[in-house]
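Residue numbers (this note's numbering), protein chains in the order written: chain A, 1 to 175; chain B, 1 to 175.
If you're looking for bench data, these hints aren't it; they were derived computationally from the structure.
Remember, it's a predicted structure, so these values are computed and weren't measured experimentally.
Hints should not be assumed to be uniformly reliable.
Unchecked claim - Distance condition first, Cα-Cα at most 27 Å in a straight line; then the derived DSSO-like pairs of lysine-lysine:
(1) A:164 x A:73
(2) B:128 x A:94
(3) B:94 x B:164
(4) B:73 x A:73
(5) B:128 x B:164
(6) A:164 x A:94
(7) B:164 x A:73
(8) A:94 x A:128
(9) B:128 x A:128
(10) B:128 x B:73
Said to hold, decoys possible - The calculated label-pair distances, taken between Cβ atoms and stated as ranges, are:
(11) A:46 x B:99: 29 to 37 Å
(12) B:126 x A:128: 50 to 58 Å
(13) A:73 x B:69: 20 to 28 Å
(14) A:126 x B:80: 34 to 42 Å
(15) A:103 x B:78: 18 to 26 Å
(16) B:154 x A:126: 31 to 39 Å
Don't be surprised by glycine CBs; every beta carbon is placed ideally from N, CA and C.
2 protein chains.
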Amino acid sequence: MSVWYIRGTALASAFLMTGLIAIADGNDASNTSPVYDVGLPPGYRDWQVIGVAHEAGALNDIRVILGNDIAMKAYRSATRPFPDGSIIARLAWKYVPSAENNAIFGQQQSFVAGDPTNVQIDVKDSTKYAASGGWGYGQFENGRVNPSVDLINTCFACHDRLPKSEDLVFTRYAP
Amino acid sequence: MSVWYIRGTALASAFLMTGLIAIADGNDASNTSPVYDVGLPPGYRDWQVIGVAHEAGALNDIRVILGNDIAMKAYRSATRPFPDGSIIARLAWKYVPSAENNAIFGQQQSFVAGDPTNVQIDVKDSTKYAASGGWGYGQFENGRVNPSVDLINTCFACHDRLPKSEDLVFTRYAP
Numbered sequence: 001m002s003v004w005y006i007r008g009t010a011l012a013s014a015f016l017m018t019g020l021i022a023i024a025d026g027n028d029a030s031n032t033s034p035v036y037d038v039g040l041p042p043g044y045r046d047w048q049v050i051g052v053a054h055e056a057g058a059l060n061d062i063r064v065i066l067g068n069d070i071a072m073k074a075y076r077s078a079t080r081p082f083p084d085g086s087i088i089a090r091l092a093w094k095y096v097p098s099a100e101n102n103a104i105f106g107q108q109q110s111f112v113a114g115d116p117t118n119v120q121i122d123v124k125d126s127t128k129y130a131a132s133g134g135w136g137y138g139q140f141e142n143g144r145v146n147p148s149v150d151l152i153n154t155c156f157a158c159h160d161r162l163p164k165s166e167d168l169v170f171t172r173y174a175p
Numbered sequence: 001m002s003v004w005y006i007r008g009t010a011l012a013s014a015f016l017m018t019g020l021i022a023i024a025d026g027n028d029a030s031n032t033s034p035v036y037d038v039g040l041p042p043g044y045r046d047w048q049v050i051g052v053a054h055e056a057g058a059l060n061d062i063r064v065i066l067g068n069d070i071a072m073k074a075y076r077s078a079t080r081p082f083p084d085g086s087i088i089a090r091l092a093w094k095y096v097p098s099a100e101n102n103a104i105f106g107q108q109q110s111f112v113a114g115d116p117t118n119v120q121i122d123v124k125d126s127t128k129y130a131a132s133g134g135w136g137y138g139q140f141e142n143g144r145v146n147p148s149v150d151l152i153n154t155c156f157a158c159h160d161r162l163p164k165s166e167d168l169v170f171t172r173y174a175p
């Protein structure tokens, strides 16, 4: 019993140390994407708005695209390519009609954010992500990384179809 | 001529003074709503996201709803009624298909923010706006207030149809 107890304590200490290191650099090493090692940036929910969109079809979501300070500055000054350190966060929710709003408006017109679907993070690092045009990708559901390599490999494949002038970024700034 | 010149200078000085006073308190007195005297809050475009929506029908817009720090704290702590000083900003853009995105996705699925339509501001002041449930309203197009009394009077009439538990606010927090 005592051996297991000591081993358990050692494991717990190692876990705590890892946690503390993760907190120190703001990144949870156990929660980063395959291929790119992209984590959920601390405080991303509080970032400023780049734009909004509705994706119909199989996704059927409504989404907001947020940027950290470096990305927002690049958007607002039309700087391309984006500087290293730019991070873009795409938050999506189920696209649902609002029965409450529609009853008040007297017609079917209002679609709002339902349950969250996933969060996608794009990080610009022209050295680390040179093989994918300078951007690394990650997808998160309920705060946990999606570990699928097949999924993450669809990101660059699709973004790479954009005109080079867009620096692999879909969203335009909504003034 | 000199009399007109002096009068012109005096008027210009008065205009400049008004401008400086307006800058000092962050509100442009010449650009506030009828009935409520609500202005465009400085920096509102940088505020945090409460939620997103698509209004179909005659409006046909896509929108993001932002909050100042007081409103965000109230949303995140589910505090109702909202405390005085809460401000909610609703930014809307034309709801337009993205030909670029759809070509890349291989199907018609992507709707994005086109040209801005208008910005609506709701300010909570339970004393100043006691007659309208504690909220004052303003609508702005291209940064200028819409002076229509008829329009502004539709705001409270519609918000007042919400359940009392919502404190006259349509948008729910999107997690």
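Evaluated hints:
no., hint, result
1, A:164 x A:73, "holds (20 Å)"
2, B:128 x A:94, "violated (38 Å)"
3, B:94 x B:164, "violated (31 Å)"
4, B:73 x A:73, "holds (26 Å)"
5, B:128 x B:164, "holds (19 Å)"
6, A:164 x A:94, "violated (31 Å)"
7, B:164 x A:73, "violated (41 Å)"
8, A:94 x A:128, "violated (33 Å)"
9, B:128 x A:128, "violated (55 Å)"
10, B:128 x B:73, "holds (22 Å)"
11, A:46 x B:99: 29 to 37 Å, "holds (32 Å)"
12, B:126 x A:128: 50 to 58 Å, "holds (52 Å)"
13, A:73 x B:69: 20 to 28 Å, "holds (22 Å)"
14, A:126 x B:80: 34 to 42 Å, "violated (47 Å)"
15, A:103 x B:78: 18 to 26 Å, "holds (23 Å)"
16, B:154 x A:126: 31 to 39 Å, "violated (51 Å)"
In summary, the structure is inconsistent with hints 2, 3, 6, 7, 8, 9, 14, 16 from the numbered list given earlier, while agreeing with the others.
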